[in-house]
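S.K.: Protein chains in written order, with the numbering used here: chain H, 1 to 177; chain G, 1 to 177.
Warning: the hint list may mix true and false statements.
Identical chains blur together in the list; that is why a pair holds if it fits in one copy or across any two.
Stated by the list, open to error - Here are the simulated lysine-lysine pairs, BS3-like style, with alpha carbons at most 27 Å apart: (1) Lys88 to Lys40; (2) Lys141 to Lys54; (3) Lys21 to Lys85; (4) Lys27 to Lys54; (5) Lys21 to Lys40; (6) Lys40 to Lys54; (7) Lys85 to Lys27; (8) Lys21 to Lys54; (9) Lys141 to Lys88; (10) Lys54 to Lys88; (11) Lys141 to Lys85.
Because the hints were derived from the structure by calculation, they are not lab data.
Listed here are the chains, written in short residue letters.
2 protein chains.
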Amino acid sequence: MNPETLEQLNAAIRDIPDFPKEGIVFKDITPLLLQPEVFKLAIRELIQTVDGQKIDKIIGIDARGFIFGAVVAHEMGVGFIPVRKIGKLPHLTESISYSLEYGEAEIEVHRDAISPGDRVLIVDDLLATGGTAAATIQLVKRLGGHLVAASFLIELTFLNGRDILGEDVTVHSLLSY
Amino acid sequence: MNPETLEQLNAAIRDIPDFPKEGIVFKDITPLLLQPEVFKLAIRELIQTVDGQKIDKIIGIDARGFIFGAVVAHEMGVGFIPVRKIGKLPHLTESISYSLEYGEAEIEVHRDAISPGDRVLIVDDLLATGGTAAATIQLVKRLGGHLVAASFLIELTFLNGRDILGEDVTVHSLLSY
């Protein structure tokens with residue numbers, strides 16, 4: 001990414017101190033979404049992370065991941081798969097539980113969304129502790145998909161989320177903090 | 001919309017009986033998302049619902065509305081505003097409670113997302129009872145936005161959701177059941 005693009009993306013992310021709780025600085029992407037030219041840059045750069053590689057399907061993770069994942073899928077002309085919090089998908093699902101800081105979470109995907117051998121790209125806005133992304137990767141593997149990469153708009157490197165995604169997983173992030 | 005497009009969109013929606021509970025037939029949009037050419041048609045037709053009208057911003061409603069709203073915003077080159085379930089947006093919000101069949105729900109939007117006079121289009125996948133859409137319309141009005149229209153992929157006409165959105169609201173839907 002050229003320095004000018006990096007600066008434009010960076011400038012469109014807003015720091016919100018003490019959200020969702022004291023001591024956490026939340027990276028707010030909503031200013032970026034309000035600036036169509038910057039939003040377009042983000043989408044272009046997310047697509048660029050897998051430039052030249054064959055992709056069959058894009059996974060977006062509930063809920064902000066839908067924003068970026070759906071646009072990337074539409075731009076690339078490939079199918080979009082929502083991975084959702086448990087109980088939202090109506091057909092047969094593959095589900096997985098994973099640990100959060102406090103308690104557990106569970107996500108799922110339609111079983112017929114991924115066919116064995118499908119080349120899949122995960123797109124999400126944020127890589128933090130990596131729990132949700134790691135669970136999503138497990139779902140892809142269980143259904144026989146081939147994970148090409150996981151691409152994030154933002155990576156909070158100090159949380160080391162990248163480390164739990166697995167050594168065999170290619171991780172891209174546009175902005176690192 | 002030409003009959004062929006209508007048929008293609010219709011064919012990409014899957015009926016799931018007894019979801020989320022017995023007696024309800026759920027309209028599953030995930031097959032449409034997996035077919036990029038049909039997804040493109042849906043986006044094109046959603047944009048067509050406001051053809052020729054000036055739009056400043058698109059609102060997408062948490063969570064499936066993000067999929068369609070974000071792509072429509074990106075294609076039209078205008079800002080995207082997520083309306084979210086309570087507690088997810090980090091900055092100052094305007095929020096509203098509304099009744100569901102059982103209990104209440106609350107949604108919110110960032111106050112700085114809409115400026116007085118902004119011409120806003122709401123995009124969502126489904127108009128059912130209309131509760132969430134009606135609440136979203138109230139949020140737009142409170143912030144001084146001008147609602148150009150609310151455009152849905154699917155309308156369940158037998159639930160009469162359109163009636164509670166207000167007589168002054170222009171409602172479009174691509175598929176009616």
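S.K.: So, for every hint listed, does it hold in this structure?
M.R.: Status of each hint after checking the structure:
Within a single copy, Lys88 and Lys40 get their C-alpha atoms only as close as 29 Å, which misses the 27 Å cut-off; across copies the closest is 24 Å, which meets it. For a Cα distance limit of 27 Å, the shortest separation of Lys141 from Lys54 inside one copy, 18 Å, qualifies, whereas the shortest one across copies, 45 Å, does not. In this assembly of identical chains, Lys21 and Lys85 lie within 27 Å of each other by CA distance both inside one copy and across copies; the values are 22 Å within and 18 Å between. For the identical chains of this complex, Lys27 and Lys54 are neighbours neither inside a copy (31 Å) nor across copies (31 Å), given an alpha-carbon limit of 27 Å.
In the homo-oligomer, the alpha carbons of Lys21 and Lys40 never lie at most 27 Å apart, since the shortest distance is 31 Å inside one protomer and 40 Å across protomers. In this homomeric assembly, Lys40 and Lys54 come within 27 Å of each other (Cα to Cα) both inside a single copy, at 21 Å, and across copies, at 20 Å. Taking identical chains as interchangeable, the C-alpha atoms of Lys85 and Lys27 lie at most 27 Å apart whether they share a chain (22 Å) or sit on different chains (18 Å). With identical chains, the CA atoms of Lys21 and Lys54 are never at most 27 Å apart, being 41 Å at best within one copy and 39 Å at best between copies.
With identical chains, the CA atoms of Lys141 and Lys88 are at most 27 Å apart within one copy only, with a shortest distance of 21 Å there and 30 Å across copies. For the identical chains of this complex, Lys54 and Lys88 are neighbours neither inside a copy (30 Å) nor across copies (34 Å), given an alpha-carbon limit of 27 Å. Only within a single protomer do Lys141 and Lys85 lie at most 27 Å apart by alpha-carbon distance; the minimum there is 18 Å, versus 31 Å between protomers.
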